[in-house]
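Produce the complete structure using the sequences and hints provided.
The lines below spell out each chain.
Number of protein chains: 4
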Amino acid sequence: MIISQGKARAIIRKALEKGKELELKPLSVAVLDAGGHVIAFERSDGAAPGRFAIAHGKAYGSVMLGMAGTAQMARAEQQAYFMAAVNGVYGGQVVPVPGGVLVRDKRGAVIGAVGVTGDTSENDAIAAMAGIEAAGLTGEI
Amino acid sequence: MIISQGKARAIIRKALEKGKELELKPLSVAVLDAGGHVIAFERSDGAAPGRFAIAHGKAYGSVMLGMAGTAQMARAEQQAYFMAAVNGVYGGQVVPVPGGVLVRDKRGAVIGAVGVTGDTSENDAIAAMAGIEAAGLTGEI
Amino acid sequence: MIISQGKARAIIRKALEKGKELELKPLSVAVLDAGGHVIAFERSDGAAPGRFAIAHGKAYGSVMLGMAGTAQMARAEQQAYFMAAVNGVYGGQVVPVPGGVLVRDKRGAVIGAVGVTGDTSENDAIAAMAGIEAAGLTGEI
Amino acid sequence: MIISQGKARAIIRKALEKGKELELKPLSVAVLDAGGHVIAFERSDGAAPGRFAIAHGKAYGSVMLGMAGTAQMARAEQQAYFMAAVNGVYGGQVVPVPGGVLVRDKRGAVIGAVGVTGDTSENDAIAAMAGIEAAGLTGEI
Chain A
0 MIISQGKARA IIRKALEKGK ELELKPLSVA VLDAGGHVIA FERSDGAAPG RFAIAHGKAY
60 GSVMLGMAGT AQMARAEQQA YFMAAVNGVY GGQVVPVPGG VLVRDKRGAV IGAVGVTGDT
120 SENDAIAAMA GIEAAGLTGE I
Chain B
0 MIISQGKARA IIRKALEKGK ELELKPLSVA VLDAGGHVIA FERSDGAAPG RFAIAHGKAY
60 GSVMLGMAGT AQMARAEQQA YFMAAVNGVY GGQVVPVPGG VLVRDKRGAV IGAVGVTGDT
120 SENDAIAAMA GIEAAGLTGE I
Chain C
0 MIISQGKARA IIRKALEKGK ELELKPLSVA VLDAGGHVIA FERSDGAAPG RFAIAHGKAY
60 GSVMLGMAGT AQMARAEQQA YFMAAVNGVY GGQVVPVPGG VLVRDKRGAV IGAVGVTGDT
120 SENDAIAAMA GIEAAGLTGE I
Chain D
0 MIISQGKARA IIRKALEKGK ELELKPLSVA VLDAGGHVIA FERSDGAAPG RFAIAHGKAY
60 GSVMLGMAGT AQMARAEQQA YFMAAVNGVY GGQVVPVPGG VLVRDKRGAV IGAVGVTGDT
120 SENDAIAAMA GIEAAGLTGE I
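Chains as they are written, first to last, in numbering that gives the first Met the number 0: chain A, 0 to 140; chain B, 0 to 140; chain C, 0 to 140; chain D, 0 to 140.
Only true hints are included.
Note that identical chains are pooled: a pair holds if it fits in a single copy or bridges any two copies.
In silico lysine-lysine, BS3-like type, Cα no more than 30 angstroms apart, as pairs:
1. Lys13 to Lys24
2. Lys24 to Lys105
3. Lys13 to Lys105
Think of the hints as simulated: they come from the structure by calculation, not from any bench.
Here it is, written out as structure tokens:
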């Protein structure tokens with residue numbers, strides 16, 4: 000099972016809608032496939048220009064490690080140098096905080112990840128989950 | 000004037016529709032702002048995983064140099080080492096072929112660029128222009 | 000459909016056997032998944048130390064572009080600056096010559112690639128295909 | 000004395016078997032030579048796609064510094080900025096935690112290293128040692 004273009008589009012729309020509903024700051028949302036490659040991305044009007052890299056980094060690290068943002072943050076807090084080293088081996092492209100959400104198929108296999116940035120990490124994760132669930136998929140924060 | 004999120008979305012939809020209408024291979028489309036930063040991106044089902052980097056590179060070089068893909072290609076054919084050097088100074092992120100299309104406002108100022116990849120460079124540029132024009136903007140191939 | 004660890008191992012063994020049968024120089028073989036990530040690699044005794052990067056680069060470019068080594072080489076010969084730019088956007092990790100062989104499933108979808116290096120590019124491709132076919136998969140040189 | 004291809008293959012098989020025996024998560028194993036270059040690698044089915052870089056980074060830092068993962072971790076905990084700097088000079092390719100195991104010949108000279116990743120760092124190191132010892136070599140955790 001893969002995240003199709005249509006599903007990726009749905010995830011982004013619903014994540015952005017959730018952000019508006021909760022009156023969050025302007026969000027940016029990236030959807031990556033099981034290999035960590037971008038399927039779709041949108042940056043809301045008013046968001047800072049560099050938001051692609053943050054949204055991508057949250058999702059990319061989740062896919063590459065098979066570990067969602069919350070677990071990455073826990074590891075970074077226990078062992079900061081380990082997550083710094085992980086970031087090095089992945090070319091500096093890992094952002095280990097909530098808002099990086101794994102997407103799993105029905106058997107639990109990782110089929111991609113969603114990265115949301117713009118508000119607090121916790122709110123970013125809430126918006127990501129809203130998008131994933133609206134698309135009929137299962138997320139892991 | 001900026002390319003809003005809504006305009007970026009419209010550009011992508013129309014460029015992809017043009018691709019289907021012309022029976023092109025599955026396209027990927029990136030829309031960048033006047034600073035060369037990603038506003039939105041979509042990769043069609045069936046496109047190769049690495050298409051983000053190519054679409055981005057076509058648009059990025061266009062914005063950074065203020066020179067669309069066709070002009071970059073002409074320069075590369077005259078003076079390959081120059082475009083290789085340009086690529087170096089922009090961190091390897093420039094793809095100097097058609098399909099990188101500048102977006103201009105009514106006074107001619109560059110407000111961003113669109114990068115399309117998936118079919119021949121010439122067809123990629125046609126799809127990009129279709130998207131830009133459908134969004135009521137002016138493109139330069 | 001994915002290339003399992005067992006299939007990857009079979010591809011490597013059979014490619015190396017083919018190399019010995021044809022009395023090629025010591026080969027190195029990388030097997031990558033549909034996202035361009037390494038599943039398995041082996042370097043034969045007597046091969047130069049840097050062979051991982053070449054084997055990887057042949058397979059990596061094939062997956063990322065959805066284009067096998069022979070097609071990449073043709074493009075590089077027509078338009079050298081394009082393949083140089085592609086290499087830039089993929090972090091310098093693309094080696095556009097035969098010996099990078101796409102692996103497709105029964106419906107034609109790319110499920111990974113094999114990269115072989117050590118002898119001539121043409122012989123490298125023959126060894127890669129022998130491995131892929133012995134594993135019951137379909138290759139595109 | 001070098002780690003031959005056959006020895007590298009044996010190390011990987013036995014490390015993976017040890018992982019199954021101990022019911023660890025799916026492991027990935029890299030074997031590097033005395034110059035820090037990859038001889039062989041395997042990623043188990045079910046492991047995250049980015050595991051090559053972690054396994055490689057554990058082994059690479061071990062060879063380059065002549066210091067196994069446990070000693071690297073001790074140094075990182077005492078002086079995190081030093082290991083961060085080391086990581087920088089080696090191009091971001093060092094992961095200073097257990098699971099990077101030096102391989103020594105009978106006279107104590109370093110002939111390569113093994114990197115294992117997938118479970119806890121401590122369990123990764125146990126699997127690496129099992130592989131090294133089964134191949135008749137001496138490891139240093």
